[in-house]
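Chains as they are written, first to last, in UniProt numbering: chain A, 1 to 117; chain B, 1 to 117.
One should not assume that every hint holds.
Said to hold, decoys possible - Lysine-lysine pairs mimicking PhoX-like chemistry, simulated, CA-CA at most 25 Å apart:
#1 A:K4 / B:K37
#2 A:K37 / A:K10
#3 A:K37 / B:K4
#4 B:K10 / B:K37
The hints are simulated quantities; they were obtained by calculation from the structure and are not laboratory data. Predicted model only: the values in this text are computed from it and were never measured.
Protein chains: 2
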Amino acid sequence: MNDKVNLAAKLAHVASYWSPHTVGQFNGCDLMVVKVKGEFVRHQHDETDDFFLVLSGELTLRLPEREIVLRPGELYVVPRGVEHQPFAAVETELLLIEPSGTPNTGDARTAAPRRLL
Amino acid sequence: MNDKVNLAAKLAHVASYWSPHTVGQFNGCDLMVVKVKGEFVRHQHDETDDFFLVLSGELTLRLPEREIVLRPGELYVVPRGVEHQPFAAVETELLLIEPSGTPNTGDARTAAPRRLL
Numbered sequence: 001m002n003d004k005v006n007l008a009a010k011l012a013h014v015a016s017y018w019s020p021h022t023v024g025q026f027n028g029c030d031l032m033v034v035k036v037k038g039e040f041v042r043h044q045h046d047e048t049d050d051f052f053l054v055l056s057g058e059l060t061l062r063l064p065e066r067e068i069v070l071r072p073g074e075l076y077v078v079p080r081g082v083e084h085q086p087f088a089a090v091e092t093e094l095l096l097i098e099p100s101g102t103p104n105t106g107d108a109r110t111a112a113p114r115r116l117l
Numbered sequence: 001m002n003d004k005v006n007l008a009a010k011l012a013h014v015a016s017y018w019s020p021h022t023v024g025q026f027n028g029c030d031l032m033v034v035k036v037k038g039e040f041v042r043h044q045h046d047e048t049d050d051f052f053l054v055l056s057g058e059l060t061l062r063l064p065e066r067e068i069v070l071r072p073g074e075l076y077v078v079p080r081g082v083e084h085q086p087f088a089a090v091e092t093e094l095l096l097i098e099p100s101g102t103p104n105t106g107d108a109r110t111a112a113p114r115r116l117l
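So here's chain A without its partners, still in its complex pose (with noise of 0.2 Å):
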């Protein structure tokens, strides 16, 4: 990545939702933007912490206890380990950072590919 990365601009080229698209990388991760809407499957990643920061909308987490509802400027880590799943009323842009190769369904036989953007 040799060119600064403008969020707006990178998720306006994603069409679709629960796509993560890769934006750069750095020490080992994989910065991606994704559009949600709706449930997502109910997962885990069992090695890795997962980022959650909300640049537009309204995520709800549904962790195993409660419910983490993010808004815009609003972050979270949910642990390795933690069974999640993130849910959005309405259209929803985040910035999620995982380590390169992390499962976005927490198992690979069922993870989106992850496209460069």
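Add chain B to chain A, keeping to what the hints say.
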């Protein structure tokens, strides 16, 4: 970190410039907010890439051959080993992500202490 992080609320507690405050951790990295104004020391990190996301204001990263100007919603990763000098003409708020323990000046002897917030 058990709760969500509201970046603006965290930054409201930061009184001094160039003093990173850790607001969370994930995958061996610190998530930090910082307020900056003026010119920081020119430095480099030999082992780690350096993530900058501008939340408010405007940040210039002076690199060896060029300058990167970041506005809110824009990020840049300074690759490891590349000298850089951050500069902000106006008060600017940033999200920084670095492997835990990385000295902010590139030199443990001159680095600001990591403060938890």
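Here is how each hint holds up against the structure:
A threshold of 25 Å between alpha carbons decides the hint, and for K4 (chain A) with K37 (chain B) the separation of about 20 Å falls inside it, so the pair holds. Of the pairs offered as hints, the one joining K37 (chain A) and K10 (chain A) holds, with about 18 Å between alpha carbons and a cut-off of 25 Å not exceeded. With a C-alpha separation of about 20 Å, the suggested pairing of K37 (chain A) with K4 (chain B) holds against the 25 Å cut-off. For a cut-off of 25 Å, the pair hint linking K10 (chain B) to K37 (chain B) stands: about 18 Å separates their Cα positions.
Violated hints are absent here; each numbered hint is respected by the structure.
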